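Visitor: As a plain string of letters, each chain reads:
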Amino acid sequence: MNYVALKMLFGDRAKYLMLLCGLTFAVMLIVQQGAIFWGLMMWSQASISNLNVPIWITDPGIAQVDEVKPLADTAVDRVRSVDGVEWAVPLYKGLLRARLANGEYHQITLTGLESATLIGRPAEVLEGRFEDILQPDAVVIDQWAMERMGGPTVITVGTIFELNDKLARVVAIAKTQKSFTNIPVVYTTYERAVRYVPRERRTLSYVLAKAKDDVPAADVIQRIRTQTGLGAFTEEDFGWKTILWVLKNTGIGINFGTTILLGFIVGMAIAGQTFYLFTVENLRQFGALKAMGASTCTLARMILLQAFTVGLTGYGVGIGLATVFGYLTASGGGLPFVETWQLLLLVLVALLVICTFSALISIIKLARLEPAIVFR
Amino acid sequence: MNDDTQPAAVRARGIVKSFGAGDTQVTVLKGIDLDIHLGELLLLVGESGGGKTTLLSAIAGILDIDDGDIDVLGVPLSALPPGKRTRFRGQTMGFIYQQFNLLPALTAAENVAVPLFIQKIGRPEALRRARAMLDRVGLGDRVDFLPRNLSGGQQQRVAIARALVNEPRLLICDEPTTALDGPNGQKIMELLREVGRSPDRCVIVVTHDSRIFHFGDRMANLTDGRITNIERIQQEGTV
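Protein chains in written order, with our numbering: chain A, 1 to 376; chain B, 1001 to 1239.
So here's chain B without its partners, still in its complex pose (with noise of 0.2 Å):
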């Protein structure tokens, strides 16, 4: 297991975000600090609308932030212009939805490799190394198959295979395993806490799915636009 002395990966300080305007603006969130570390899989959790979402999303650099900075790997996220921001997303961050998706048109492999079209990696060693990814998610059987034929839970393994086929340092993940049955969720979660125990790579994962939990390092409560308490969690999966 990672503890706090492992260097951080994301460092967020003071971050405001707040949505609308005049009477109907509402400040979701309110002054956040966090630190996630290298090797640690982090668990985002706190009840509906209390912002781990646009916390979320504003790590991912996906939506821009009022006021604070946000440093992950090292780079000021929050000062980077729009395009390196987006360059700099697509080379070290991997992304997992409680949607999966995954577009329709594509097979399993073609989706897996859509990262790696998006870094400009020539079409044959993108699908050979999607395939590659699609066998350690134990779906190398699957890789002509389109999304509408598998299963949810194959669906979020391509999804998983997809974020992490460019060998992502940090993995974000939404609800990951909201749209799975028990045995499936767990294998998800099995699988993103190999990657989250890597020493270079760290998992977010924000869940309201308590048969998961045991699989994190930490787990911050968000509540309101704050966070209330971080918490470690016991190896035996006990908070």
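Next comes chain A alone, as it looks inside the complex (with noise of 0.2 Å):
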């Protein structure tokens, strides 16, 4: 009987269409939208993913990653002589004021890597060196920064402007994910960091260490709170713990919440009302083959069929709309668009849900239907 429930289903050509839309709609927006939020999350918590570091150790109060609480310069040693970490290294970061040589002002976070290491630096590099940070006033900024500051006819390689009335040198341009605020990136070594900015009695932002690879990092993480009172994360933890602040903290959620919903609501109404009709106008069909001894059962089973075939067929295609939509519009890092599996699953699982509604109305209605119906 799938073959007849198949041939039913697209033989009705202008429903099918209908139902295709509706479904390829609701899928497209919710994958859309789903998307678009979740790249930015992966946007506000960018400050931590650029620096691809296993271990961050804060304030203990710490709320989220941009929200900076310093700590005593001793906690570097501290860290380190915790049992289990096999390295620890500062890292400054705060805002400042960045002066062009054509007068303009533009803020930046300022980003002080430990001078040993570069522990923390960006993975890839568009422009320069990145290791010519340590000459003398060197910086490196992240494409975004060259974005934002004029482009590459006002700050290049080579560019020279004031932070906090110091000299400052553009070495290299780096890749990284845009943040949230955009806020353009200037990194340097730690040491100068600290000289750029006004004096504090405070300068270290964070603590970055590793774990030894013997040592699990959730034991090392405990003893490094447990030992030092300081706040400890993996850079995983660390990251939701900046999106969940984020969420309660914005109207983002709600937002593009409210959006998914939509989409999830219409696709439902669309495909419960057209499938609904698509069976009522059908009831004499359905009413003749229970006649002739196919079972509720069988009916139920041709129409889950129809329901799952047009549903998956709009899942295909409504991921695939999205999926243009997002290499069109995301592919200049313009927005944030972000298609994971988890939300493609995700998806998959509202569809079916919308599908098992749309099918259930009309399985509740064939199964009170009365086969004397064919002889009325």
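In case anyone wonders, no lab produced these hints; they're calculated from the structure.
You may find that some hints are simply not true.
[To be verified] Cut-off 27 Å, straight-line C-alpha distance, at most; resulting in silico cross-link-like pairs (BS3-like, lysine-lysine): (1) B:Lys1084 with A:Lys365; (2) A:Lys241 with A:Lys175; (3) A:Lys365 with B:Lys1120; (4) A:Lys241 with A:Lys212; (5) A:Lys166 with A:Lys15; (6) A:Lys69 with A:Lys210; (7) A:Lys93 with A:Lys166; (8) B:Lys1120 with A:Lys7.
[Stated by the list, open to error] Just so you have them, the derived chain A footprint on chain B, three or more residues with Cβ under 8 Å: (9) 1020-1031; (10) 1115-1126; (11) 1148-1155.
Owing to the predicted nature of the structure, the values given are computational and were not obtained by experimental measurement.
Where a beta carbon is used, it is the ideal one built from N, C-alpha and C, also for glycine.
Reassemble the complex: the two chains are provided individually, in unrelated frames, and hints are given to aid placement.
Guide: Dropping the structure here:
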């Protein structure tokens, strides 16, 4: 009867296309909004992911990565003394104003890396050599800094600008993930970073560390917390802490959640209604099948097959369209668009719920259908 | 022709069926007793609203009755649980409807094969048997036509082929000629009479169409929920 079910579905081309359009639209909307939302969340913790280090040591009351609570300079040595720590290095992270040669001011995020190891440096450099950061007054900017501060005609390798009235010379341009606030990132050594910023009693923002290979990171983190009284997180946990802070303290979750929910409801409404109409218009035919010996279970299987066939087709088309949209709009980094397998799985589950709901309404109708209808 | 000495294919006793409840309750069948024999074509006639279609539905087991017993081919239909009744119906009964009820997306051959699909017979075998049956009803050259491309008479012949394809022992027909012109109606009835004369089958036809009365062996008149008389039809076609 699967063959009959599919022929019935494809035979009513107008209804089939309407169903397909409704489900495709729902899938596309959910995937598109979900991918942008997740892209924004990735951006919100870009300060963490761009440095790519396994353990972050922070003030114990830290809320998120961009809300720096400085530590005592002794924190690095205290962390190094914890059993199971392979290495620990200081990190400076803070906001500063840059003054360009043309007189323009730009707020930047100054990131100071330990000069001996340059741990936390970006993996990819687009122009120049990152190691040149060790030269006097040298800084490295990320590609978004170049874009935000006026483009390659204003700032590029060799450009000199001022940070707090001190000279900074661009020696390289690094490729990084865009941040949520899109504030330009300027890298320099830790020692030079603390010279750039106004004098403060505490200048150490974070300690970056790694556990020894034979010691579980979770154990080392627990020891750091217990022995130093500081906060310690894996890169992933600190990223999630930041994401959750953004969700809690901005309306972004509700905003995107509403749109995604809307896509789900619209998809369910269109699919449910069209599928129900499709069933109602074929009631006599279904009644005839029942009279000829088709059980309610057989008819239910037919309906489910029809619903899932059109649903999975809509899923494929919807994801394809959303991906094309993402490719076109996000390829230049202008829009965050991160399609993860978890998102696609979630959308598949949502779609299966829509299809099951649509099919169930029809199945209930058919279960109550008296085959005697065919004689009326 | 067949007579009452033939074994009863359908044995109905004291059939009562009501619709609605309370003040609006209407009793449509008021204690029907009826035997239909193998090798017989029985015509069920009577005024509209008299209960013909309800009785037909009850005999087919697609409508639950309030009281009474119906045995079909020796099986107590009204005592069977719904699932078994559905299976029994699929294996032993064929249906022909006034509105044909063909599936518009399926070709003539596929429509005819539907009862075989329901019986889980493989598609190649089902379609082979469906084409053979269409050939038998004179539509061998229309097997791949969609219903919308067939005339009313041809559609009804497809419906007859569908009703016969799994060789049912009881053929139930509801106004099979109403939607057809005279000559087409006659052809359809010739086909049904041929089926009805088979010694291990019987045909029940609900009809208002006096032009086809002469095809029946007996005619039962159902008025106001009761069978008022059952008459044997003469060979010449006069009642």
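Visitor: Tell me, which hint numbers fail for this structure?
Guide: 5, 9, 11
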